[in-house]
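From first to last, the protein sequence lines are chains B and S. Take the first sequence: its letter number 239 is residue 1404 in the working numbering, and every next letter is one higher. Take the second sequence: its letter number 197 is residue 199 in the working numbering, and every next letter is one higher.
It cannot be assumed that every hint is accurate.
As the list claims (entries may be wrong) - Far from chain S by the CB rule (all over 10 Å, computed), these chain B residues:
#: 1; residue: THR1202
#: 2; residue: PHE1210
#: 3; residue: MET1229
#: 4; residue: ILE1334
Said to hold, decoys possible - Label pairs and their calculated CB-CB ranges:
#: 5; chain 1: B; residue 1: TRP1179; chain 2: S; residue 2: ASP238; range: 52 to 60 Å
#: 6; chain 1: S; residue 1: THR59; chain 2: B; residue 2: PHE1339; range: 44 to 52 Å
#: 7; chain 1: S; residue 1: GLU57; chain 2: B; residue 2: ILE1415; range: 50 to 58 Å
Treat the hints as calculated values from the structure; they're not laboratory data. For each residue, glycine too, the CB sits at the ideal point set by N, CA and C.
Spelled out, the chains give:
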Amino acid sequence: MLLLMVFPLVTTVWLSMNKVLLRSLDVVEWVGFGNYTETFADPDFWRATRFTLLFVGVTVPMQMIIGLGMALLLDRVNRGRAFYLAALLLPFIVTPVVGSLIYKDLFERGGVLAWVIELITDQPFLLTDGNVRWMIIAQAIWHVTPFAMVSMFAGLQTLPEERLEAAAIDGAGFWGNLWHIIVPHLRTIILFVALISIMDAYRVFDSVFVFAGERFQEAHTLQVYNFRVALNANIGRVGKGNAIAILNVIGIFVVLIPFLRESYKEQIAER
Amino acid sequence: MAVGKNPTALSRTGLHAALWLLVIISILPFAWTLAQSTKFTRDAVTREPVLWGWELTSSPYNAFWFDGNVENMWHVVLFLAATTVLALFVAFLGKRAEKGTYYFIGVGVILGIAIWIFPNFFDVSSEYEFFVNSVIVTVLTVLISISIGLLAGYGLARFSGVSGAVILLVALAFRALPRTAFVLPYFFAAQALGILDSRFVIVLSLVAVNQPFTIWMLRSFFMEVPKEIEEAAMVDGAGPFTAFRKVIVPIMWPGVIATALFTFLLAYNEYLFVRVLAPTNWTLPVAIVSLTGGESSRTITEAAAASVSITLPIVIVIILFQKHLVKGLGAGAVKG
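The following block holds chain B by itself, in its conformation from the complex:
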């Protein structure tokens, strides 16, 4: 099993140092760090990096905040809770490419949301390179928020009632409760959800690939860019694609090291 995971990484590193084309996979030519320098000189790489950072930077905080709000609402309701949970979970478990397709259809010509936007702005609405990035971000928030919601909801179930009663006697309001009792209680969970969400947002592929397609290259994330470089039927540069993959791996670990350290410490502390 370890073989199935370590082998790919070693192969990726090796391939990234070679020039390999998709149409002739057996011709392998050593180029050292050539693929890396070429990637750094590629404006598409930097464009994809910028959009990926924007994507992570907006979707993760939004899903945490909305998710917490939804969890608090769910926590206060008793009747029909199972129904609400099931309905609200659906966007999270639906096939990502399908979620993306049906969302895109809402914004296409003749779609309900495109029509509503036209009614409000009184102007024809078209998907463009500029606005499609925000549509993708909106779709991603719709897609992933239920995960934060369910996790925080589970955490709220373990919050002892007495703490809130004591706070109520001290005259704490809703925001006071939220900030001084609920958020500290959910600390571990918030950290965990943030960790998972950052990882998932960083490596998002399916939904963006489908939503942006070839039409909206402004909205390509790093993974989509990587896929296109490596496996495009005409040029398919597998070597360079692997170099980008390695850079992505390094990138995510740089982002995650503080989180991984923190959650490791919490695990140790709990034992």
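Chain B is already provided as a structure; the job is to place chain S on it using the hints.
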């Protein structure tokens, strides 16, 4: 516990209104797609969306699943309804019987046979083959992942000093890695071994990327089972394997179901691996995306019908297993 006790009637109404608003936001895209899938093309691509009173048709489903070859779609409905009733009946018997497991295997057999003989009754399109691929890949991935995960998770929970934190870190680290860092080497290796474009290579790669997570999750469920229960079984003369199978696994069954659900979703929803490793032997997600690749409006209703079809099993899963799913998601977070 509830944040703020004894809500007044007014605030309770507001609460439900807020939740309903969220439900509508969640469901609206699905509802729109369901509506689109029952329209003729002329009603689906109008300038102003047709929101009610359109002429219902099953032709998009006919086009996707049968290339428009089925004369009477009611026959298909009848077949599906008969299968569903039979499966539900056996499942119902299983719920009341003592050895329920056999009945649930029976449900699987019924569904398997139905999928197998379906093409004998109806002139199916090539998409049906992709559906069969989806079923096979999903079932195999779940079975293999859970089998390995149960044994490894049990071993790690009982017999080793490896701490949960380390396994969690490995699982998280591999979850963090972009899929492209895996898929390119797999592609390269599969090409070299000549197994590219097979179901086998898809299952293998999905098991590989999912396994650390499965092991970690099952291990944490094993940790909840008190060791004394197992020791009591062994004192009564059961060997370690019997104790494991007859005593431990039944106790943590809900945890197994939760883990299996996540594996199911992962395999059923996978796009990138299938697209790269199986250039022609697709599963449903790849088939649907290829359908909508062009800008032709002819396929909009067909794509909607396909989207509804692929989402249906997921809706069934969430209705049947909502509790397990929530528990599993919650458990991951609370323990993590």
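Status of the hints after comparison with the structure:
1. THR1202: 20 Å, holds
2. PHE1210: It holds; B:PHE1210 is separated from chain S by about 14 Å at its closest Cβ, greater than 10 Å.
3. MET1229: 12 Å, holds
4. ILE1334: Since the minimum Cβ distance to chain S is about 13 Å, B:ILE1334 lies beyond 10 Å and the statement holds.
5. B:TRP1179 / S:ASP238: 52 to 60 Å: 55 Å, holds
6. S:THR59 / B:PHE1339: 44 to 52 Å: 51 Å, holds
7. S:GLU57 / B:ILE1415: 50 to 58 Å: Given a distance of about 56 Å, which is inside 50 to 58 Å, the answer is holds.
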